[in-house]
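So the sequences go chain by chain: A and B. The working numbering puts the first residue of the first sequence at 64, with every later residue one more than the last. The working numbering puts the first residue of the second sequence at 64, with every later residue one more than the last.
To be clear, the hints were calculated from the coordinates, so they are not data collected in a lab. Just so you know, these numbers come straight off a predicted model, no measurement behind them. Check each hint, because a few of them may be wrong.
Same chains, same label: a pair holds when it works inside one copy or across any pair of copies.
As the list claims (entries may be wrong) - Simulated crosslink set (EDC-like; lysine to aspartate or glutamate; CA at most 16 Å straight-line):
#1 K493 with D414
#2 K506 with E481
#3 K509 with D75
Residues per chain are reported as follows:
2 protein chains.
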Amino acid sequence: MPLKLNTLYLSDFISSHELDYMAPALASAHKLLEDKTGPGNDFLGWLSLGNSNPPDELARMKESTRWIQDNCDILVVIGIGGSYLGAKAALDFLRSPNYNALPKSTPDIIFVGNTLSPDALNESLALCKGKRVCLNVISKSGTTTEAALAFRVFRALMVEQYGKEGAKDRIFCTTDAARGSLKSLADTKGYPTFVIPDDVGGRFSLFTPVGLLPIAVAGCDIDAILSACTAAQKTFASLDLEQNPAYKYAAIRNLLHRKGRMIEVLVSYEPALTMLGEWYKQLYGESEGKDGKGLYPSSMCFSTDLHSLGQFVQEGSNILFETVLQIAKPQADFFLAPDSENFDGLNFLADQNLSAVNQKAFLGTLLAHLEGGVPNMVIEIDDRSEKSFGELIFFFEKACAVSGYLLGVNPFDQPGVEAYKKNMFALLGKPGFESAKKELEDKLLKLSSAQ
Amino acid sequence: MPLKLNTLYLSDFISSHELDYMAPALASAHKLLEDKTGPGNDFLGWLSLGNSNPPDELARMKESTRWIQDNCDILVVIGIGGSYLGAKAALDFLRSPNYNALPKSTPDIIFVGNTLSPDALNESLALCKGKRVCLNVISKSGTTTEAALAFRVFRALMVEQYGKEGAKDRIFCTTDAARGSLKSLADTKGYPTFVIPDDVGGRFSLFTPVGLLPIAVAGCDIDAILSACTAAQKTFASLDLEQNPAYKYAAIRNLLHRKGRMIEVLVSYEPALTMLGEWYKQLYGESEGKDGKGLYPSSMCFSTDLHSLGQFVQEGSNILFETVLQIAKPQADFFLAPDSENFDGLNFLADQNLSAVNQKAFLGTLLAHLEGGVPNMVIEIDDRSEKSFGELIFFFEKACAVSGYLLGVNPFDQPGVEAYKKNMFALLGKPGFESAKKELEDKLLKLSSAQ
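Extracted from the complex, chain A is given alone in its bound form (with noise of 0.2 Å):
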């Protein structure tokens, strides 16, 4: 079964007639995608990566990942952001969150360089240490300061652990076709490199090498996802809303906003799509938080969160709807046999699969939380597969797009995120930021004698 937008709940908030009255707009926001004359039109590579992969390229990726495979017990990515979020909710969806701590026959995978803590940099060399270890680094220009740091790093251990020759063989560069320090880098001692497209930005290259590596290392099958990807591109084309859940979900997520909804939660059922959450959050805070705009994007687990933050969906402000994504089968189920001394007095629960009980207490939340006065939609997929992801980022990322148009933002630019780097570049005394420096210590200085 393709994804199926569910908004059948949402009858109390909103009447049909609001959803005609998006049509231009949806169909104008259609057409900026299409003729590429919307803001941000550099960046539509995405569009089409389900089949944009060039043969070659992918070739080479499966036989490095035979290769990492074959020759490490553990690989660590290296990169901040959409050069990991992507690659980390996928190995949660389609492996498992305790991917690493369960018997299976691919290496390890650990996920570095999107902090500056020492103490998580000291911990993820003491999970290497004595195992064979491959590096992915995955950074546009190279110059990341996470990712860059990280890299130093490691790079260095594989050359005191391999040799530079060996080393050659362990490291894996996912960066420019052509430009930028890493791209050089690799060039000069002999790297292999995959190209990250020019017109595709981080939080939506998934489908590009930087989620396809370190997936394919997992062992999961990534033609299965891009050919679901390739068909997500034409279903999610559609101008007739029934047909095309992505956009009715862009129109509805608008109108709620419009509303005075001012968070959006996603919510699931399962544990293992707690880093989707965190991928979604990217896709959807970065795209449209900007020119004071923007829904905030947040998400939960539940049943887990019902008993953390359900008392404030519930009855607590009421600023939020909840965008359900329901999963009809899990990997594997459990049977719950009767205790014959039942004395937590659960056995009416028994006799039946669990996720059979996980269904009903997302019924039952969905009815309390309507009750609630919250907004709930419902996005279904079959399953954990390769095919279900592949549909559902592109689900999520042409949503997105649509959404980021409807909203009047240019969906594909992240200037925010320079300031705070400037800023540290500044303090830090790199060459260049003298007179900044100088401004943001005084700044500081003000306002630290300020009481």
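Given the coordinates of chain A, assemble chain B onto it according to the supplied hints.
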């Protein structure tokens, strides 16, 4: 150094007279707590947990801790909400989010019974395979569905693996002193029990055996945690805001809320604090999210999330403020050696510790977000020691109680958590819920045939 609240960066957002004007309301909230006359006054036991755990209970807990450490490879902690978030937050903070994966002399610890996902349950069983297992089941009543179901499964595993007699040594129940199905099961079967006091709610229970037993098994010094809590009980009872950062924090978050901020983001620059963010989200969300009120509690880990949600914070909807939790010293630092080739141009960062770079990232981000119109305050603590942790937890608890009274809610109940449970029980056919079952099923049918 004791915990410090730095509010110097708020000068553009809050005038000093505003804090003065809050003094009477703070004094009144303080009095409600001291006199135990406010709403929820049956649940104030947490105010004195630093020194009110019975010495014999603590001694028994330490004895059990040693037994568990000597006789098991993995401790399975079964609990949901307040029955696991505090211990998990402590484990990450005091030891590491990579605790299980890193070499150590104490047992692995996994947290189960906090979801209804069959995949998660199957995997937690797989993680125990071939290992010496102990259980710590944590539930006041013993009938909380998620935890009770998991306990059924793991208890059966224990009996199968160790026999009824052997299981007695390996199952530790943290529950009510006298009532409830878990207590009666434990008494019948001869499992040792530890008491959750009647006057301490789940989210305030970290300093009871709920948090202390798992924390002790991980090798942390629970006496040091309790001493810090005892000291904090005194510090955070002063009505002088300059002496009492907890009350000042409570006042400021209410002021910012009244000025239109809907979301508080708890920020840290250390991945080991991510779970503390989850604990904080329950504490504040469940305490304040009621009667249509409350700040939405959210959390981020920087610089990681500056590359995902940073754009939103910097330039998106101006609806949030940040509370930064800043740690002066890492567990161990990392010295950045210069790279003679300097391909990435990052030598300007070399010849210093990574923590210094992380600190500049913090300052640079602070200035950038202030410039973006986002109020920031900073909670400063020394390190990731037991002392700092005990003080920090009590800081948040005390501030939460006062903040809830300032907001005008009962910070100690959670009536909204029942709504989903009632519906779920009815849909699952629990005896006694027959009429509700029919009503809910009719509602679902009506909703799904609406269009």
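A quick look at each hint next to the structure:
1. K493 with D414: Classified as between; 13 Å across copies, 65 Å inside a copy.
2. K506 with E481: Neither: 19 Å inside a copy, 50 Å across copies.
3. K509 with D75: between (52 Å within a copy, 13 Å between copies)
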